[in-house]
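Colleague: Use these hints to put chains B and C onto chain A, whose structure you have.
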Amino acid sequence: MTQQNRLTSGGRIDRSKPLTFTYNGKQYKGYQGDTLASAMLANGINVVGRSFKYSRPRGIVGCGAEEPNAVLQLGATEATQVPNVRATQQELFNGLVSASTNGWPSVETDLMSVMGKVGGSMMPPGFYYKTFMFPQSLWDTYETIIRKAAGLGRSPLENDPDSYENINQHCDVLIVGAGPAGLAAALTAARGGARVIIADEQNEFGGSLLNGKETLDGKPASEWINAVVEELSTYEDVLLLPRSTVNGYHDHNFVTIHQRCTDHLADIAPVNQVRQRMHRVRAKWVVLATGAHERPLVYGNNDVPGCMVSSAVSAYINRYSVVPGNELVVMTTNDYGYQAALDWADAGRKVVAIVDTREAATGDRTEAARKRGLNIISGSAVIEVQGSKRVSSVSVAAISASGSKVIGSVTKLKADTVASSGGWSPVIHLSCHTGSRPVWNDEIVGFLPGQTVQKQLTAGGINGQYETAVALKEGFDAGQKALAEVGLAAAEVVLPKAETQKLAAPMSLFHIPHLKPTSQAPKQFVDYQTDVTAAGIELACREGFESIEHVKRYTAMGFGTDQGKLGNINGMAVAAKALNKSIPETGTTIFRPNYTPITFGAIAGRNCGELFDPKRYTAMHKWHVEHGAKFEDVGQWKRPWYFPKTGESMQQALNRECLAVRNAVGILDASTLGKIDIQGKDAREFLGRVYTNAWAKLGVGKCRYGLMCGEDGMVFDDGVTACLGENHFVMTTTTGGAARVYEWLEIYHQTEWPELEVYFNTVTDHWSTATITGPNSRKLLAELTDADVSNENFSYMDWKQITVAGVPARVFRISFTGELSFEINVQANYGMHVWEKLHEAGAKYGLTPYGTETMHILRAEKGFIIAGQDTDGSVHPYDLGMGWCVSNQKPFSYIGKRGMNRVDCTRDNRKQLVGLKTKDPKQVIPEGAQAVLDPKAPIPMPMEGHVTSSYWSENLGHSIAMGFIKGGLDKMGETVYYPLANGTVIEAEICSPIFFDPKGERQNV
Amino acid sequence: MQQYSGFGLLKHSLSHHENWQRVWRNPTPKKKYDVIIIGGGGHGLATAYYLAKEHGVTNVAVIEKGYLGGGNTARNTTIVRSNYLWDEAAHLYEHGMKLWEGLSQDLNYNVMFSQRGVLNLGHTLQDMRDIERRVNANRLNGIDGEVLDPKQVKEIVPHMDCSENTRYPVMGASWQPRGGVARHDAVAWGYARGADSYGVDLIQQTEVIDLIIEDGTITGVKTNRYGDIMADRVASVVAGNSGVIAKMAGFELPLESHPLQALVSEPIKPILDTVVMSNHVHGYVSQSDKGDLVIGAGIDGYNGYGQRGSYPTIEHTIQAIVEMFPIFSRVRMNRQWGGIVDTCPDACPIISKTPVKNLFFNCGWGTGGFKAIPGSGNVFAASLAKGEMHPLAEPFSMFRFHNGALIDEHGAAGVAH
Amino acid sequence: MFHIYCPHCAEYREEEEFHAKGQAHIPRPLDPEACSDKEWGEYLFFRKNPRGLHHELWVHAAGCRKFFNMTRDTQTYEIKEVYKIGEQPSVVAE
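Protein chains in written order, with my numbering: chain A, 1 to 1005; chain B, 1 to 417; chain C, 1 to 94.
Chain A extracted, bound-state conformation (with noise of 0.2 Å):
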């Protein structure tokens, strides 16, 4: 097959580098500098899709980020696919697979387009709404229906094979799009001295210059960017980013750049590069320089393949080099949409008409048409095309200076390309997406940017500044005025001379009229891709949908991907008809990042897999991964769950674990409690403030457990805290709460207590903690050190300041088992070191390492809690029953006292945890399990509390659990029972929460 539709010299593709590329299995040619749209256009391709409600062959209608048809699946293989590529916006490479998005059984012949033709007339906007409704068990059916009926693309079924990256970047001045203005803008900031990012879509710099033939102090434009680009290349602060998107304009100036690194070369990034990146801007002075999408015009049948966008009828024969049809018929409102003809004409096709609809305009383009001999057909409009997967022909009539009707008779015209302009639609995306409201212009009929608190400039087409002088000097003052507020003198910049055209103005027309009434036209389409038209809109207007938001809700117009960048003007203009309103009158439109898509991947960069979120470890967990510990997440910790031994259950191994500490000696890594450094005079009055009990009586050596609650009265945590000093405290936090409490104790030091000295510094990374626990743990201790570890001079709720293994440990002397216990702190990075000694002189006592679990399990045994499973925000500490660890003595209202005194707080029958004792002792009941006072209660039945926490206990040889219950307190021995998901039904006995040693002696010898 060859490309028809190339022309054998100009563009700017190199004929030297061809390509091929494979479009629903089938192979074409094209060159280096192609897009797929240019190739495809190149190639004669018409048909790219079908319309998703309709299923009606759908063409190439634009160049760029504005094209709502050409949408394709993307990949050579199921890794790679990328669904909703835009085929304007994809550089060619060799080896392209592509892919249209809809139709079956081929987009060429879809069957779905009969139900288009025959349904198509029962789906109005918004006909779901009206139906499907009856019977309601069918819903599902209809949806499934639905569902399979919409998407474009598909999702790749295995993980990305590629990487993605983000970057963080500072500048004085971000200059978005690299054409005319954009790069007067750049050189000027530039040799200003400004750090400078300038930032363009395009594979190359240039904008809109690329597409046309303009020249530039009569010389190619090329040359003239191709010295500025050169200039720019030469500055060290200056960062050109071309294939990089600006998706997003967020507070503060903070802007997103999505840079496509490799998608031109290949379907996977070249080893060792990423494929895209984010770049995270944040600028002292945003230039925006954006330019203008051209509007199509709406009239019947304008969806027909061969319809298009003027100005990209010009760019794909002046930079690519293709001339898109053979027959073309031009459709203007302005005198830009001639430049699509004298173009047309120069490549040496037939322009069979130029139907301008207003009436002898005057401008010097249409002067050049007209000395061309071409055919131009004022105050008349195309009313509707015929053709089905091309244009075949055109009908052409009169219409009345307003445009409101259609006045003359019809003229058919044989043509297979219908280019239209309707004008031009600044690029404002990024400037409403911080909140700007853009500001309707009757001059250029169009919106410009709103006011906004940003520092933002705009520069050339975005302030309808559509000839390219104007555009330059625009860009010139934009870089002047950024350099004056970033502080650097003016610079010295010559600008080009650009070619000046006279203009006639334009006609303020959008939809075409034709003789029929909107409702029985042919279908006129405002936005492709979500099939809305004109009618439709008009339709959802008569319906009472008059805000412009809830017209584009009601027909889905500007919520497909290319978010409405053609239609939503038109559409606009269509529904201020309808409503007899002016298009301020109607609303406004308001465009949300982002400005083109971007892929999630790139969003995400490195941040995911093994970096979601980083993993903390112990110094100790080599010798646990050694040992086969299972392991546990706790907050970003990687904690011991428990440490199987070959063939051994979880249960069995919890047995093992639960009996070795009870008989003999366990050890635990308890590095991960939090542990925060407390200085200062006012360090213990503090410490009372924040903890409910009471603090000013605890001696240098001792420590203490304390009760943490917020203002409301509820617990939120809980530690143990030792006094080092008169003056020096270290405070034990939970794992998870770590960060947490830090926060807490300096939120109220600095904004209530500033008062206080005291210092809080948080050493939880400073510190391994070896927690050995068990009757032998003395005598294992006191292998390791010199000191004295008897109970006599080391006695419960002491710590001391040793020598363990030859290294300085704190070591205290309490207890979460109810064992003889001592937790020996060290220097983080002699905490294996000591763990190993620990391990050789223990062998012989039964140390046994335990994870999580074990300990949880014996600290149950014991009836004491653990915040955050025991608690849930919600219970204060008499509701725990842990009333003597509230001080009611001390001076100072404590925090959490007053909040637990609230009437509810005080209420009676409130949740309280008690101990919970199965009838039959080998039963569990599963934690979460809730409490019914009667089993054969019907739904909804009365709820007493849940399950906290519950364990087998292989020393008591039977299960045991604790949970909360209505006025548990006052109810021991009563009996609750849980009905389970399984239908059976555990009873169980309230009980004392202490269910070993409840004298506590074992802690104490």
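No wet-lab data here; the hints were simulated from the structure.
Remember, predicted model here, so these are calculated numbers, not experimental data.
Check the hints yourself; a few may be wrong.
[Stated by the list, open to error] Straight-line distance between alpha carbons at most 25 Å, and here's what the computed SDA-like set of lysine to any residue pairs gives: (1) Lys66(C) - Glu755(A); (2) Lys247(B) - Lys66(C); (3) Lys269(B) - Thr141(A); (4) Lys30(B) - Ile213(B); (5) Lys66(C) - Gly710(A); (6) Lys290(B) - Tyr142(A); (7) Lys80(C) - His170(A); (8) Lys911(A) - Gly117(B); (9) Lys615(A) - Ala61(C); (10) Lys290(B) - Tyr54(A); (11) Lys151(B) - Glu158(A); (12) Lys966(A) - Glu394(B); (13) Lys222(B) - Lys66(C); (14) Lys269(B) - Tyr54(A); (15) Lys80(C) - Glu485(A); (16) Lys581(A) - Gln205(B).
Modeller: Just chains B and C now, with coordinates in the frame of chain A:
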């Protein structure tokens, strides 16, 4: 009211759809109403509908400063479920769920309520304890739910990474089969059309600029377009803007308005048949009938009325989605937007009398208001009709923040949804 | 994403380093025991929540870890000023 049906579509297609009636009138307000509802979002419109339909109170105006359903109703991720932890919340949301189940037929408007099920994933042992607790409570409260293991989760969501290789492997999930999604705009429009058909006046593009309060009793509102409009009872149902109305009434609320963002991918062919939510990895996703992956982001920490939040919040969400579904890495994000959510300290709403007599507030739905629209409107309407709070609404008084009887749903509310 | 000037570090830093901590200038009652439940509830939970200027408490969490106040427009997101704890704002919200 013109009845909608497939036959109606066929009939109207013969006349080129030129004869469809208006869905609602565009009335000029009367001088006085029995009830004025400030706010024409889903909750306000549902309130008006049930007031008229179930209580015969039809002399009602809904005053909306923008367009109907244009606030959070238009900006949420459309998830419907009722698997809340505490009895008070569970009963309220389940009341709503039952209304959802016949809503399209009741309104004669297809709200496309799709009961495709909602999964709440657990990634830690504590997540699983909380899931067990909640599902057990749900079951005994008559709400459907099961606890699933990772294998069962994988069967429902075959394309999610349920392997051990992720940073926080999926340990299980709660599964509410009756949960799902609905078409958000249709809910507002369906209620609006229904309310209008009973004679409720829907007054759009009209802002309440002050309240008329005499001796501690509200008697009407001042508007920017129609001056004073009087009423026996006034109901504020303005979500993120509740603080603004409360200020007019001279009191503060236990509320803060935060930005909540959401985003969608480009439309793709069906790949995800249910709603997947993860508190821990912190993302949730479903796929719309149009094919978009609908993804909710987290709430921004600061107060904001700008209907936009911060980019890092979006980044974190997408990281979570890619972590859960690595195959979506090459799928592309199309659009993001933000709403203003009014959050209560206990993640439960306020449906309440206020210090001003005859002024009622319905607010504080935070991130979870959409699912509650039918239930909220229903119980609020009953409360407005009788002047006394409906039993299901009773626990949600704003005065619970005085006595401490909070209903802490942070666990079940978890991720913004 | 906000660009926030930390008055302690005397530098502009990215929002990601900071946490918003709610309404500023809510002193803890000096004598909590003297507060009624209503007063205590209001101290705990009831907030101004204005659309417009708002005084808020922020912390430079991933920086100097110090708290400070910010006056910010909750509609436009403009930061009017930042000031240290104990200082009074020069731009005052209603």
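Colleague: Flag every earlier hint the structure violates by its number, smallest first.
Modeller: 2, 8, 13
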